[in-house]
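Visitor: Sequences listed follow chains A and B, in order.
Oh and the first sequence: position 107 is 106 in numbering that gives the first Met the number 0, straight run, nothing missing.
Oh and the second sequence: position 5 is 4 in numbering that gives the first Met the number 0, straight run, nothing missing.
Quick caveat, the hints were computed from the structure, so don't treat them as lab data.
Predicted model only: the values in this text are computed from it and were never measured.
It is possible that some hints are incorrect.
The list treats identical chains as interchangeable, and a pair is accepted whether it falls inside one copy or across any two copies.
Stated by the list, open to error - As a list, the in silico SDA-like pairs of lysine to any residue whose alpha-carbon atoms are at most 25 angstroms apart: (1) K136 <-> K156; (2) K21 <-> H122; (3) K21 <-> I196; (4) K155 <-> F249; (5) K149 <-> N41; (6) K27 <-> G243; (7) K70 <-> K155; (8) K156 <-> R25; (9) K156 <-> Q125; (10) K86 <-> L193.
Read off the chains here:
There are 2 protein chains.
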Amino acid sequence: MVDKGLDTQGIKEVEITRIREKQKSREKDFLVREVPLTIFLNGQEFVTLLCSPEKLNYLAVGFLRLEGLLKCSEDLQEIAVDTEAGKVFVRVKMPPDQPKKMYGPRAVTARLGKGTLFAQSLHLLQGRRVESALQVKAAELFALMAVLQKTSVLFKKTGGVHTAALAVADKILFYSEDIGRHNAIDKIVGECILKNIPFGDKILLSSGRVSSEIIIKVAKLGLPMIVSRSAPTSLSVELAAKMGITLVGFVRGRRLNVYTHENRIFL
Amino acid sequence: MVDKGLDTQGIKEVEITRIREKQKSREKDFLVREVPLTIFLNGQEFVTLLCSPEKLNYLAVGFLRLEGLLKCSEDLQEIAVDTEAGKVFVRVKMPPDQPKKMYGPRAVTARLGKGTLFAQSLHLLQGRRVESALQVKAAELFALMAVLQKTSVLFKKTGGVHTAALAVADKILFYSEDIGRHNAIDKIVGECILKNIPFGDKILLSSGRVSSEIIIKVAKLGLPMIVSRSAPTSLSVELAAKMGITLVGFVRGRRLNVYTHENRIFL
């Protein structure tokens, strides 16, 4: 790898060795950028996320919304992003000791699971059901997902990102890309919060697999429908069924699978 | 979704609605299972991971190894898995307050990033370089990745899992599948620890994207090479270059990209 110095926002140009059969060559290639972003909450270092360096304000707000640290744009007193340093400074209305209370030594993980936060989330969502009169045509979902795929600039160049979008039946409202499935969704959520867009009549589109944590996010926001290009898991299907969420997967070309609450989808 | 009651270890059979163009039908489908696994460390609840319900002992040991809570099989005093309850009880040699020290309130995240653990990991690995005389033919990598893909039973049935394997040039030693990229790798690591297999002359194979956290895992283990079907990020390439790790990506058919330390690969 030779760093070519070119380092545009989302993509880095490098020189790599490509092997095809028994041929070796040095060629130009594009890597998706990954950067650490540290969120400072009310003056204290709070968390470091690894992400694509775009829409960092949305990522921070979406992350904090989904972690329960702010509810709406009125809770947000100040937000300042230092892209160069990979830092975002957020000030929200809350008691000064709340972050410590929420993040005890057990609430730790690196991956899919959120430690006991997972159990806590499930408990908090117990008995909640998303109620929504949303109705969409299958053909509209085919069209939305086709647009989602076409819009993905970084994916085309690097093959290394996930995409997410918030949509209504006939158009995509907000769109994001990130190296992380969760980050891409959080960016969409942050943008909605900052623009005061309600979730209750919208559709979340995702390129990534739908695990239980994604469904928990969808439920927290009161979104009635998630539509993915990829597979759901057994637990995500169980949770979506319980929580009144329409879960659509494997949307490819003119085909899709409806796993739960198909009453919101018609032909 | 209708739960058909069939619930084999890794796959759940359900009935779903499939839409093709303007045709709707009820069909049988298979979901990859996702379950919570809570790790109890020296009697205390430690973390809950969401994972595929196989090789849970390997997952727990691999996770603890990579979090620095055990170094080798001698540190492990006891391990008991309760698959039904989704619990694994691990007893390791360490001072009783160590987990609390390692997991302060900041060391929190849900996704790619490990909060300040990321910075800590980088700091700990500073100046470390993987030294290994490993040499592999490109044709051997093509063959290994072809086997990795063929072996994936769950992926074929559900499209929803990642695979990982530990290999030498001419064969795969251990193989794992999981809904999580990280879990699949941790399972391989746990199996090696329990079987006292050294990492320094081996190759890690992965179906998933290579983010910086994956490279940090590889560096912690002293593995000289990671080979993936998917894309790396800019940060993973930078770290692999610094840490002496050969990073190979986009292995598809008879093609591959070498991003760093290509001296270990010959034609």
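Visitor: Look at each hint and say if it fits the structure.
Guide: Do the hints match the structure? See the list:
1. In this assembly of identical chains, K136 and K156 lie within 25 angstroms of each other by CA distance neither inside one copy nor across copies; the values are 32 angstroms within and 28 angstroms between.
2. When the C-alpha separation of K21 and H122 is checked against a cutoff of 25 angstroms, the pair qualifies neither within a copy, at 57 angstroms, nor between copies, at 39 angstroms.
3. Within a single copy, K21 and I196 get their C-alpha atoms no closer than 55 angstroms, and across copies no closer than 32 angstroms, so neither meets the 25 angstroms cut-off.
4. For the homomeric pair K155 and F249, the shortest alpha-carbon distances inside one copy (20 angstroms) and between copies (14 angstroms) are both at most 25 angstroms.
5. Within a single copy, K149 and N41 get their C-alpha atoms no closer than 39 angstroms, and across copies no closer than 51 angstroms, so neither meets the 25 angstroms cut-off.
6. For a Cα distance limit of 25 angstroms, the shortest separation of K27 from G243 across copies, 22 angstroms, qualifies, whereas the shortest one inside one copy, 48 angstroms, does not.
7. Neither within a single protomer nor between protomers do K70 and K155 lie at most 25 angstroms apart by alpha-carbon distance, with minima of 35 angstroms and 41 angstroms respectively.
8. In this assembly of identical chains, K156 and R25 lie within 25 angstroms of each other by CA distance solely inside one copy; the values are 18 angstroms within and 38 angstroms between copies.
9. With identical chains, the CA atoms of K156 and Q125 are never at most 25 angstroms apart, being 42 angstroms at best within one copy and 31 angstroms at best between copies.
10. Proximity of K86 and L193 under a CA criterion of 25 angstroms is satisfied intra-copy only: 19 angstroms inside one chain copy versus 40 angstroms between copies.
Taken one by one, the earlier hints fail for this structure at numbers 1, 2, 3, 5, 7 and 9, listed in ascending order.
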